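**Student:** Letter by letter, the chains look like this.
2 protein chains.
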Amino acid sequence: MSISLRIEQALDQHFSRVETDGAPPRLLAAMRHAVFPGGARIRPQLCLAVATACADDAPALSNAAAIAMELLHCASLVHDDMPCFDNADLRRGQITVHKQFGEPLALLTGDALIILAYQALAHAGTRWPQRLAPLLQIVCDGTGAPDGIVAGQAWECEPKVALSQYQRAKTGALFVACTGAGAVAAGADPQPWRRLGECLGEAYQVADDIRDVMGQSLATGKPQGQDAHHGRPSSAADLGLLGAFGYFRELMQAAVDSVPACPARGMMQTLVRAESERLLPQRAREQITRGVAETGLA
Amino acid sequence: MSISLRIEQALDQHFSRVETDGAPPRLLAAMRHAVFPGGARIRPQLCLAVATACADDAPALSNAAAIAMELLHCASLVHDDMPCFDNADLRRGQITVHKQFGEPLALLTGDALIILAYQALAHAGTRWPQRLAPLLQIVCDGTGAPDGIVAGQAWECEPKVALSQYQRAKTGALFVACTGAGAVAAGADPQPWRRLGECLGEAYQVADDIRDVMGQSLATGKPQGQDAHHGRPSSAADLGLLGAFGYFRELMQAAVDSVPACPARGMMQTLVRAESERLLPQRAREQITRGVAETGLA
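Line by line, the protein sequences give chains A and B. Under the numbering used here, the residue at position 200 of the first sequence is numbered 199, and the numbers go up by one with no gaps. Under the numbering used here, the residue at position 269 of the second sequence is numbered 268, and the numbers go up by one with no gaps.
For reference, chain A alone in the conformation it holds in the complex (with noise of 0.2 Å):
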């Protein structure tokens, strides 16, 4: 099986565990309307990817880190497209959940999410108990205060920020997560791939920022200018578009270098090269080159 199909599978199979003729209908259709179709999945992808290098003994508890991860973040997706913060008419390609079922069910369609992927590892724990406490708390470190996405996001509401600091909650924090989760679920110590957590978020971020400015709404699925419009923090304003492009390779090339040693090195590296290519393709790099040609901006 694909690692996308036992994706799609176990966000389905758990997502079938709470839909129940007890439960608010139009929550669950908010619910499931937040986390199908969904994006890329590089978070629970890249969670399976290292359970796997760690020979993955577990595979229902890396699903559930591996889901957990993915709901964490459409939770948080639906936060903060809300009015109070970006006020996004589209995600994915697809109308908002508080554009389609209003404010009030998406806040709570976000709390129940965040809920939802620790439903998951409770589930899952039951048979793995001496690994649940370290997964819960990595999944914990990577959401929550001091350093987590949610902590990432507040960085927005204080008057003073430091752009890396500010990167490395608001996005990276989950990746270093998935990392960990992915080897802890299967057993194995999650210290030696954190770095690859960080070099991946913080490219992911960078590469985020140069697209906002690039503006590919289209293929994002989401509207462009958004960091500006914002004020927020970004790389692409802060370094320009070749130097943000400069910085986003040597990230991604620093997270292939840090594959820690295993049999499944190789299959890892190639997985960061197609992702790096995904996330940022060569023909991007042409068009910053022609625009600054162009422009004699940089």
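Rather than coming from a laboratory, the hints here were simulated on the basis of the structure. Computed from a predicted structure; not experimentally measured. In this text, a Cβ means the ideal position worked out from N, Cα and C, and glycines have one as well. Any given hint might turn out to be false.
[What the hints assert, rightly or not] Here are the simulated BS3-like pairs of lysine-lysine, each with C-alpha atoms no more than 30 Å apart in a straight line:
(1) K159(B) with K98(A)
(2) K159(B) with K159(A)
(3) K98(A) with K98(B)
[As the list claims (entries may be wrong)] Which bits of chain B does chain A cover? Going by a derived footprint, with three or more residues having C-beta under 8 Å, they are:
(4) 13 to 21
(5) 26 to 36
(6) 79 to 88
(7) 108 to 116
(8) 141 to 154
(9) 250 to 256
[What the hints assert, rightly or not] Selected chain B positions facing chain A (Cβ under 7 Å, derived; list incomplete):
(10) E102
(11) P103
(12) A121
(13) Q136
Following the hints, complete the assembly by docking chain B onto the known chain A.
**Tutor:** Same frame as chain A, now just chain B:
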């Protein structure tokens, strides 16, 4: 040490774990604002009372369970107070989180408090791995879909809702989780304690409905008449004030009777009777009787 002091200390200690220099200071301030000073802390008190009745052999774990319940309750209050729900100015006698810190930070504060609850379980669960998965499951059941408090709140967004289903999820679910979590944290079977949580949860909601109609704004620290204003289901509206009061007393008696046989049965029953008087004092019944005599309405 009194149960109250134990709860405040455990909450404060847990907060200090995430209050680092790397966290956004305003997020931390908003999280504290939402939790301190507390209300009656009835949910963590119930959790610890049950743990105590079950011999409480893992006090760090029962503390974690108790504060997880309180943090999840506080998170729900922060989100319920937001403009898309109650748009409340006051909570527990102080200004609400979104009025003090703005909507974006209130949204994130709720999210961060949910995760902080699970962080408490992760932290303490390391020492009692066999108890962690069932504990986590109980906490999730009380809060998420299909019938935890988030689902209860979501019933307000449905075109049709049965009062008992709504109340059971909106308030009852967390009380059931409190008794269950207290038992599991102490290594006991949660099932015999379920009925106590159900009765107390429903009684608490009925008392809240009655106070909402009677208007004890000063005593509860929140505005009155909110249920009618928001068109919410209410037992006071369904049964009349006297009927609702009678139903409340029945539920509290059922709670007293439900306490399972254990060395601490008498202590638990005394606690429940005291809670009954605290929730709706004798003078409230006199007020109701007087009001009915004056207006001829029941």
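**Student:** Examine the segment 250 to 256 of chain B for residues whose CB is less than 8 Å from any CB of chain A, and state whether their number is three or more.
**Tutor:** violated (count 0)
**Student:** With a cut-off of 8 Å between beta carbons, are at least three residues of the segment 79 to 88 of chain B near chain A?
**Tutor:** It holds: at least three residues are needed, and the segment 79 to 88 of chain B offers 3 whose Cβ sits within less than 8 Å of chain A.
**Student:** Count the residues of the segment 13 to 21 of chain B whose CB lies closer than 8 Å to any CB of chain A, then report whether that count reaches three.
**Tutor:** The restraint on the segment 13 to 21 of chain B holds, since 4 of its residues have a Cβ under 8 Å from chain A and three suffice.
**Student:** Tell me whether the statement that chain A covers the segment 108 to 116 of chain B is true, taking a Cβ distance below 8 Å and needing three residues at minimum.
**Tutor:** Coverage by chain A holds here, the residue count being 6 at a Cβ distance below 8 Å.
**Student:** Does Q136(B) meet its interface restraint, that is, does its C-beta lie within less than 7 Å of any C-beta in chain A?
**Tutor:** It holds, given that the least Cβ distance between Q136(B) and chain A is near 4 Å, below 7 Å.
**Student:** Min Cβ distance, A121(B) to chain A: is it shorter than 7 Å?
**Tutor:** holds (4 Å)
**Student:** If you count the residues of the segment 26 to 36 of chain B with a beta-carbon closer than 8 Å to a beta-carbon of chain A, do you get 3 or more?
**Tutor:** holds (count 3)
**Student:** Does the interface hint hold: is P103(B) within less than 7 Å of chain A, judged Cβ to Cβ?
**Tutor:** Nearest chain A Cβ about 5 Å off; hint holds.
**Student:** Could you grab the alpha-carbon distance between K159(B) and K98(A) and see if it respects the 30 Å cut-off?
**Tutor:** holds (21 Å)
**Student:** Keeping to a limit of 30 Å between CA atoms, is the pair of K159(B) and K159(A) held or broken?
**Tutor:** Measuring from Cα to Cα gives roughly 47 Å; hence the hint is violated.
**Student:** Confirm or reject the coverage of the segment 141 to 154 of chain B by chain A under the rule of 3 or more residues with a beta carbon closer than 8 Å to the chain's beta carbons.
**Tutor:** With 11 residues in contact (Cβ-Cβ under 8 Å with chain A), the coverage given for the segment 141 to 154 of chain B holds.
**Student:** A closest beta-carbon separation below 7 Å is what the hint needs, so does E102(B) meet it against chain A?
**Tutor:** holds (4 Å)
When held up to the earlier numbered hints, the structure conflicts with 2, 9 and fits the remainder.
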